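With these hints in hand, go ahead and build the complete structure from the sequences.
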Amino acid sequence: MKTVTLAIVAAGLALTHTYSAAASEEQFLTSLKGQYEGTGQVRLRTNKGPINVSCSFRSTTTSSTLSLNGKCRGLVVVSRTIKADLTSKAGAYRGSYIGAGSGPATLAGKRSGKALNLTIRWAKEINGDRMARLSVAKSGSRGLTLTTTDLDPTTGKAVVTSKIVLQRK
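Numbers -22 to -1, 1 to 147, taken from mature numbering (1 follows the signal peptide of the UniProt record, and there is no 0), label the letters of the sequence shown in order.
Wrong hints could be hidden among the right ones.
Pairwise CB distance ranges, derived in the manner of DEER restraints [to be verified]:
| hint | residue 1 | residue 2 | range |
| --- | --- | --- | --- |
| 1 | 86 | 136 | 14 to 22 Å |
| 2 | 82 | 27 | 22 to 30 Å |
| 3 | 8 | 95 | 16 to 24 Å |
| 4 | 2 | 80 | 30 to 38 Å |
| 5 | 8 | 61 | 13 to 21 Å |
| 6 | 95 | 36 | 20 to 28 Å |
| 7 | 127 | 53 | 19 to 27 Å |
| 8 | 41 | 121 | 17 to 25 Å |
| 9 | 53 | 86 | 26 to 34 Å |
| 10 | 67 | 25 | 34 to 42 Å |
| 11 | 103 | 41 | 30 to 38 Å |
| 12 | 145 | 102 | 30 to 38 Å |
| 13 | 103 | 74 | 12 to 20 Å |
| 14 | 9 | 102 | 31 to 39 Å |
No wet-lab data here; the hints were simulated from the structure. Predicted model, so just to flag it, every value in this text is computed and none were measured. Where a beta carbon is used, it is the ideal one built from N, C-alpha and C, also for glycine.
Next comes the structure, spelled out in structure tokens:
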């Protein structure tokens, strides 16, 4: 009887943990909803200098999805549409990313605190390989920072290829 009681308590705790994790993800995702504007820098390649950009994004969410749609403009000639669609399931995030000019990329990762830490798998080689990192991080109650990091093929060192700091309008 003692074993059965312990099993029931353990199952109840597991269900509570699963529910609270799902509720926590839902709260995090819905807190990202809104219109954002901001500025940042983008490197088209790890060995190129940064371009200053101004950006606007619209973030839509549900209890288990996040969709970021935006546009960044730099100089007079550079304008790029950026889109990320993510789905959360059992604490893992998966989705797609468009914005690097290589075609649709896949995203996969997890949340750590106030940030989604995602691995990007490009549709074709960029900077010598098909992998990079994307962080979507809350900053305060109204801010969002998007940071892409890639390895420089010459030095092997991590280079921030884009950092966009946004504020909710």
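Holds or violated: the 17 to 25 Å window for the beta-carbon distance between residue 41 and residue 121?
Between residue 41 and residue 121, where Cβ atoms are some 22 Å apart, the hint holds.
Verify the CB-CB distance for residue 2 and residue 80 against the hinted window 30 to 38 Å.
At roughly 33 Å between Cβ atoms, residue 80 and residue 2 fall inside 30 to 38 Å, so the hint holds.
Quick one: are residue 67 and residue 25 within 34 to 42 Å, going by C-beta?
For residue 25 against residue 67, whose Cβ atoms are near 37 Å apart, the range 34 to 42 Å holds.
Between the beta carbons of residue 53 and residue 86, is the distance compatible with 26 to 34 Å?
At 33 Å between Cβs, range holds.
20 to 28 Å was suggested as the range; check whether the CB atoms of residue 95 and residue 36 agree with it.
holds (23 Å)
Go ahead and decide if the range 14 to 22 Å is satisfied by the Cβ distance of residue 86 to residue 136.
holds (19 Å)
Quick check on a hinted range of 13 to 21 Å for residue 8 and residue 61, using CB atoms only.
holds (20 Å)
Check the following: the C-beta atoms of residue 82 and residue 27 are separated by a distance inside 22 to 30 Å.
holds (27 Å)
Hint says 12 to 20 Å; check whether the CB-CB distance for residue 103 and residue 74 agrees.
holds (18 Å)
Could you tell me whether the CB distance from residue 127 to residue 53 stays inside 19 to 27 Å?
The hint (19 to 27 Å, Cβ to Cβ) holds, given that residue 127 and residue 53 are roughly 23 Å apart.
Between the beta carbons of residue 103 and residue 41, is the distance compatible with 30 to 38 Å?
Since residue 103 and residue 41 have Cβ atoms about 36 Å apart, the given range 30 to 38 Å holds.
Do residue 8 and residue 95 keep their Cβ atoms within the hinted range of 16 to 24 Å?
holds (20 Å)
Violation of the numbered hints given earlier is absent; every hint is satisfied by the structure.
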